[in-house]
Amino acid sequence: MNITRRGLIAAGAGSALLGGCVAARLIEPGPYRVERAFTIRVTQSWSDVTPLARQEEGVHLLTRDGPALNQLYAASIEAGGALAFLPDRDTPRPRYRADMGDTEVVEFVIDSIAAWGYQAPESTNLRPQALAGAQGVRFDLTTRTQPGLEITGSGLVARNGDTLNLLLFLAPSEHYFGAYAAEIEAIMASATPA
Amino acid sequence: MKRLLTATALALVFAASAAAQQVSDPPAGEQPAVTDAALAPPADAPPVLVQQPAPPPPPPAPSRARPDVASDEGGLWGMSDRAEMDARASGQLERSPELNAYLREVSCRVAAEYCGDIRLYVMNRPYFNASMAPNGYMEVWSGLLLRAEDEAQLAFVLGHEIGHYSESHSLDMLRTMRGRANAAMLFSIVAGAAGVGIVGDIVYLGTIASVFGFSRENETQSDMIGFDHALRAGYDPNAGHILWTHLIEETRASDNPDVRRSETRASIFRTHPLSSDRVEALQERARAANAGGETHRERYRAAIRPFLDDWLRADLRRRDYGQTSVILDRLAAHGEDLGIVEYYRGEINRIRRAEGDRARAIQHYTNAIAQPDAPAAAWRELGEYAARDNRNAEAVGFFTTYLERAPNAGDRALIEARVAQLSGGGQ
Numbered sequence: 010m011n012i013t014r015r016g017l018i019a020a021g022a023g024s025a026l027l028g029g030c031v032a033a034r035l036i037e038p039g040p041y042r043v044e045r046a047f048t049i050r051v052t053q054s055w056s057d058v059t060p061l062a063r064q065e066e067g068v069h070l071l072t073r074d075g076p077a078l079n080q081l082y083a084a085s086i087e088a089g090g091a092l093a094f095l096p097d098r099d100t101p102r103p104r105y106r107a108d109m110g111d112t113e114v115v116e117f118v119i120d121s122i123a124a125w126g127y128q129a130p131e132s133t134n135l136r137p138q139a140l141a142g143a144q145g146v147r148f149d150l151t152t153r154t155q156p157g158l159e160i161t162g163s164g165l166v167a168r169n170g171d172t173l174n175l176l177l178f179l180a181p182s183e184h185y186f187g188a189y190a191a192e193i194e195a196i197m198a199s200a201t202p203a
Numbered sequence: 068m069k070r071l072l073t074a075t076a077l078a079l080v081f082a083a084s085a086a087a088q089q090v091s092d093p094p095a096g097e098q099p100a101v102t103d104a105a106l107a108p109p110a111d112a113p114p115v116l117v118q119q120p121a122p123p124p125p126p127p128a129p130s131r132a133r134p135d136v137a138s139d140e141g142g143l144w145g146m147s148d149r150a151e152m153d154a155r156a157s158g159q160l161e162r163s164p165e166l167n168a169y170l171r172e173v174s175c176r177v178a179a180e181y182c183g184d185i186r187l188y189v190m191n192r193p194y195f196n197a198s199m200a201p202n203g204y205m206e207v208w209s210g211l212l213l214r215a216e217d218e219a220q221l222a223f224v225l226g227h228e229i230g231h232y233s234e235s236h237s238l239d240m241l242r243t244m245r246g247r248a249n250a251a252m253l254f255s256i257v258a259g260a261a262g263v264g265i266v267g268d269i270v271y272l273g274t275i276a277s278v279f280g281f282s283r284e285n286e287t288q289s290d291m292i293g294f295d296h297a298l299r300a301g302y303d304p305n306a307g308h309i310l311w312t313h314l315i316e317e318t319r320a321s322d323n324p325d326v327r328r329s330e331t332r333a334s335i336f337r338t339h340p341l342s343s344d345r346v347e348a349l350q351e352r353a354r355a356a357n358a359g360g361e362t363h364r365e366r367y368r369a370a371i372r373p374f375l376d377d378w379l380r381a382d383l384r385r386r387d388y389g390q391t392s393v394i395l396d397r398l399a400a401h402g403e404d405l406g407i408v409e410y411y412r413g414e415i416n417r418i419r420r421a422e423g424d425r426a427r428a429i430q431h432y433t434n435a436i437a438q439p440d441a442p443a444a445a446w447r448e449l450g451e452y453a454a455r456d457n458r459n460a461e462a463v464g465f466f467t468t469y470l471e472r473a474p475n476a477g478d479r480a481l482i483e484a485r486v487a488q489l490s491g492g493g494q
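Heads up: the protein sequence lines correspond to chains A and B, in order.
Each position in the first sequence, counted from 1, maps to that position plus 9 in the numbering used here.
Each position in the second sequence, counted from 1, maps to that position plus 67 in the numbering used here.
Next up, chain A with everything else stripped away, as it sits in the complex (with noise of 0.2 Å):
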């Protein structure tokens, strides 16, 4: 019996910590600070779904509808740090480093987006814009997941010192991506150091 007890003891304990850790947070309008690096402000409620999905160190994933309805990725990547996180540790995997540059560091974004597995990402409409002060660089995207669903995106990105700034929206093409870009850009253009 008590044995049992133990074991219901600390099956509960578990459960409750297991579901502590990996519970979404929901992020009520406001100020949302990305590492030491910058702070957002959203208009909406978004959930941090962060801990649902492991990451790479610095990267933030944030949705309303849930992730495959849209994603908005706010990360702050240190040198020789990654966007997409691969639970393979031996396939290569693209890295962000200090010396690269403009149209480099959206290539490190693209092909990030390839290695979570969408199909053929291309960036367009490459234009400087400021990302929390620093001078980055703004882009469209287009790619399809692999069942064949037609997505859209939209980057920010900026370099401050060795660190990448980032914020990436991912939606599908069909609604989703429209039904939120004026959020979006309401985002990127409340970007401010933190």
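Hints were generated in silico from the structure; no laboratory data involved.
It is possible that some hints are incorrect.
Quick partial rundown of chain B residues pointing at chain A, CB under 7 Å, derived from the structure [stated by the list, open to error]: (1) Ala156; (2) Gln159; (3) Asp478.
Beta-carbon label-pair distances, calculated as ranges [to be verified]: (4) A:Thr59 x B:Ala179: 55 to 63 Å; (5) A:Ser54 x B:Asp325: 44 to 52 Å; (6) A:Phe94 x B:His401: 37 to 45 Å; (7) B:Ala156 x A:Ser54: 29 to 37 Å.
Here are some chain B residues pointing at chain A (derived, C-beta under 8 Å) [what the hints assert, rightly or not]: (8) Arg131; (9) Pro134; (10) Ser157; (11) Asn191; (12) Gly359; (13) His363; (14) Arg364; (15) Glu451; (16) Ala484.
For glycine and all other residues, C-beta sits at the position ideal for the given N, C-alpha and C.
Position chain B against the provided structure of chain A, taking the given hints into account.
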């Protein structure tokens, strides 16, 4: 690499277990006859003797009937039906009518007796693989097309896959597995996938299938069948052993020590483990054939040329620069497409950034822009290197040429801003 193995395991399901739906679309390249009455001449018009093109022949009938859905073979067909439906909607499907028509033509030339059975799909996956399901659903991956040197090598691989199909190797494999532990559970999954009860799990089956694969005997037999098909169709009998040898060389050139150690057994040809005895058997057969045969290298290259840029970019994203270098060397062997080959050699060095790579990248980009087929991006990369070295006027020249050659470049605004900055004495 595990991602590759998972993908390959799924592919094996097609070859090892599948079954298919009836496809009613016309084969690629064939158009339905125009029957609109409005196009007919008026009844009193004089007859016009215009030579009309002959209507395309109807697709030949399949060589085999659909098996009973309650049978084990029917289960495999049901599984293939589902896999084929997924392939037709896949984001990886290459829809180019020209490329699909070309591959279909080659497959029917290789095995005319199975032409009515084959429904071929080109998938944009940067690995060497092909598969054929029991229902005639065939996949050819872009990584295979990038690595084959000529039509004879492609014909050999298609003949090899048709060998698995004609000899029902996947059914043999299933029946062998049924005799092993837990096989009843496996069979229930297969039967379920056919729609006769339990809902099957193709991913799970794929994982299991990847463990077993075809037997060495199956592979050797398919090699010989592929060889015979290709030889009868007039292709070079050396194609098979040359292709297999190249694949082994590519694996040995991998940057990844695990890949090098595993040879081709767990790398680029996971479902078709290669071994030296298979190569030797094909060499022996080629010597005995003592026939010339055609490689049709030029027309094969013409068919894949429009895709080289996309396929090389996808291969580069694997970040196995040793293997990509081998592919580029092979593409350059006949002095063709040197602009794109040199550009991608430059890309390897630019991205890898190992010692000496910077100078090598600049040299390869410089070689590229001397060729008529150089991608415009070669000028942009030279501009970047020049700008970093504070050779601003030179950088502006490269960037300007880049924009002239790529007027719709996606990074035009960025490059224009860079030119303005460099012209103003920045950096």
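A quick look at each hint next to the structure:
Satisfaction of the interface hint for Ala156 (chain B) is found here, the shortest Cβ-Cβ separation to chain A being roughly 5 Å, below the 7 Å cut-off. Below 7 Å, beta-carbon pairs count as interface contacts, and Gln159 (chain B) has one with chain A at about 6 Å; its hint therefore holds. Taking 7 Å as the C-beta cut-off, the interface hint given for Asp478 (chain B) holds, the closest approach to chain A being about 4 Å. Under the hint 55 to 63 Å, the C-beta atoms of Thr59 (chain A) and Ala179 (chain B), about 57 Å apart, fit the expected range.
Here the CB-CB span from Ser54 (chain A) to Asp325 (chain B) is close to 45 Å, well matched to the stated 44 to 52 Å. For the pair Phe94 (chain A) and His401 (chain B), the beta carbons lie near 42 Å from each other, so the given range of 37 to 45 Å is met. Distance hint for Ala156 (chain B) and Ser54 (chain A): a CB-CB separation of about 34 Å, consistent with the stated range 29 to 37 Å. Interface hint at Arg131 (chain B): violated, since its Cβ lies 30 Å from the closest Cβ of chain A, which is beyond the 8 Å cut-off.
Interface restraint check for Pro134 (chain B): the shortest CB-CB distance to chain A comes to about 28 Å, outside 8 Å, so the restraint is violated. Interface restraint check: Ser157 (chain B) against chain A, minimum CB-CB distance 5 Å, threshold 8 Å, status holds. At its closest, the beta carbon of Asn191 (chain B) sits 7 Å from a beta carbon of chain A; the interface hint therefore holds under the 8 Å criterion. The interface hint given for Gly359 (chain B) is broken, as the beta carbon of that residue sits about 40 Å from the closest beta carbon of chain A, more than 8 Å.
At a threshold of 8 Å, the smallest CB-CB gap from His363 (chain B) to chain A is about 29 Å, leaving the interface hint violated. For Arg364 (chain B), the interface hint is violated, the least distance from its beta-carbon to any beta-carbon of chain A being 28 Å, above 8 Å. At a threshold of 8 Å, the smallest CB-CB gap from Glu451 (chain B) to chain A is about 5 Å, leaving the interface hint in force. Checking Ala484 (chain B) against chain A by beta carbon gives a least distance of about 5 Å; that is within 8 Å, so the hint holds.
In this structure, the hints that do not hold are numbers 8, 9, 12, 13 and 14, in rising order.
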